[in-house]
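Modelling step: build the complete structure from the supplied sequences, incorporating the hints.
Protein chains in written order, with this note's numbering: chain A, 1 to 274; chain B, 1001 to 1258; chain C, 2001 to 2155.
Note that these hints are calculated values from the structure, not bench results.
Heads up, a few of these hints could be off.
Computed spacing ranges between beta-carbons, pair by pair [unchecked claim]:
#1 GLY1008(B) with LYS187(A): 53 to 63 Å
#2 ILE2071(C) with TRP1174(B): 32 to 42 Å
#3 GLN2038(C) with TYR1078(B): 31 to 41 Å
Every residue, glycine too, gets a C-beta built ideally from N, C-alpha and C.
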Amino acid sequence: MSNSSTLVSVENLRFLRGDRVIYDDINLTIKKGKITAIMGPSGIGKTTLMKLIGGQLRPDAGDIRYAGDSVPQMSRRELYQTRKKMSMLFQSGALFTDISVYDNVAFALREHTKLNEDIIRTLVYLKLEAVGLRGAADLMPSELSGGMARRAALARAIALDPELIMYDEPFAGQDPISMGVLVKLIKALSSALDLTSIVVTHDVTEVLDIADYVYILANQKIIGEGTPAQIKASDSALVQQFLRGEADGPVPFHFPAEDLHDTLLGSPQQGGKK
Amino acid sequence: MNYLQSIGQNTLNALMSFGRAFLMLAGAILAIPQSKNIRLTVQQIYVVGVQSLLIIIVSGLFIGMVMALQGYTILVNYGAEGSLGPMVALSLLRELGPVVTALLFAGRAGSALTAEIGLMKATEQLSSLEMMAVDPLRRIIAPRFWAGVIAMPMLALIFSAIGILGGHLVGVDWLGVDAGSYWSIMQATVEWDKDVVNGIIKSFVFAIVVTWIAIFKGYDAIPTSEGISQATTQTVVYSSLAVLGLDFVLTALMFGIN
Amino acid sequence: MTTRKTELLVGTFVVLTLLAVLLLALKVANQGLSGSDQSYTLYAKFDNIGGLKPRSAVKVGGVTVGRVESIYLDQDDFTPVVVLSISEQYNNFPDTSSVAILTSGLLGEQYIGFQPGFAFDDPIVLADGDFISDTKSALVLEDLIGQFLFSRDSN
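Dropping the structure here:
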């Protein structure tokens, strides 16, 4: 399954949170230098998948390989070495709120390299320039708008020139202009720096424009995969429900629950709880 | 849910959180120190120590003054107002200095630590650090722990010293106890190694416990606004109870057996 | 980032703590300047030391000249021995001096009253390690009452 053009491969992954199954036997392949989109409804644990790839969580079964090495089996030291090669853009941006934008971008450089402040300064301004925020270097994260915070976080994420960058819901809650900027940035960074990108999102139209390959997750499984064109042409009812945004369909509108009749007219001892 | 089951569940939960707290502390203490960490610790001493200074000085002053006032009205009945000095000094050094400082510290700095770390967790800053291959235990937890452990005994010493001066203010300058006897009987009674050093040891123990609870509650908080507010409350409640309980044990060990 | 202001304030905090320690050491516990090298040791044997404790004062006419260093029991004749640490500046007490265990006030602390003996032409001075032979024990209330009852009976 893994060949030279594969950077990350997820094999027969099974993950439980408590008793709830999040993933049941899924397989994914992330190709080097490509943008891979992982789509699916909210609340199916797309962020969890990124944390699994980053080694912050351990799978209950199956394996995750980064450049051929099994992430769950790495020692702490190996894991930290691997993480220096990957980067993650959190949904909230997760900028360190007690230091300025400049220091945020410089953080990883100061932490992991022995570069002097002059070189760090140059690098930081280059990264900020790339996301169009060079003028905001001295602002504190609390002074940035949501879209700017996400771009600043992006500058921080590319500070160490990673191989892989994972975007967690980069478009959520953005106005159309910010969204357009981010789409352009992801595309540009990916081709300019030869980055491998994973974009987790539920914004269908934006991501279909830039993605090279798409996976759709629902009901703990992968329900569809392929290039954007293949996905659009898919005859799976599930995939079509997701693409068109229909309220009910194979992905049920209702959270799993007992029958409404039982809930309302059930035996009094049981109450509403279980 | 039957009772036995819930007792068992709660016991398991408590044991597991003890385990997590211990692992967190071990991870923070055993983290390889870097020169950067010293700077970070100094920064945190500023946050937990210097910023608590005002409340410590004001409280110390008032507690010393109140003790002198109360002590005087009792002692004067026996013509023993000369013993005001040792009464104020011993109560402060042995008990009030370490205990009140720890309680104020829990309320002022401990709750802030919990909220800060809890929010870092909620806004994914801790996760983000981990993904940047920076160990949050070393970068965030360790400096805060050491800062608390260093700062609190310092605050307790300042508290006691200010309190004794406050006692002097009320006892000598206001109520007219002889200044010479205030100091000299104090000197004759207070022993450096028994009273002062034991007070410092107490303060160290409280510092470790309070800072540990505060940091762990933040680190282990449920990352929602409700979870953080709950964790902050728990920090103040648990550390106050721990301080008062431990104070009894330590006092019994230090002064109980003569 | 650690700014200069933070460093300055943390430095102030440290200085403040040192001042507090200094106050506690010198003014409150009277530690430090009167080290053991500036005192000499005398021994005194009593029949009964009453409530005397280590660190009780040794006074000459109300002036404190030293402290009780320690108290132990002589294993040979089972009498308490009090070790006195006397300040070096008072080093010319004649060997005819006597000590008594006295009480300050009715309920106060017990201390050692040091009564210097008469100095004749060529007095022998008490030196480090000497025993003071002339001692008066503490008054124990029960003994006093016992004596009072006994003397009344015999009258």
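Hint numbers the structure violates, sorted upward? Result: no hint breaks.
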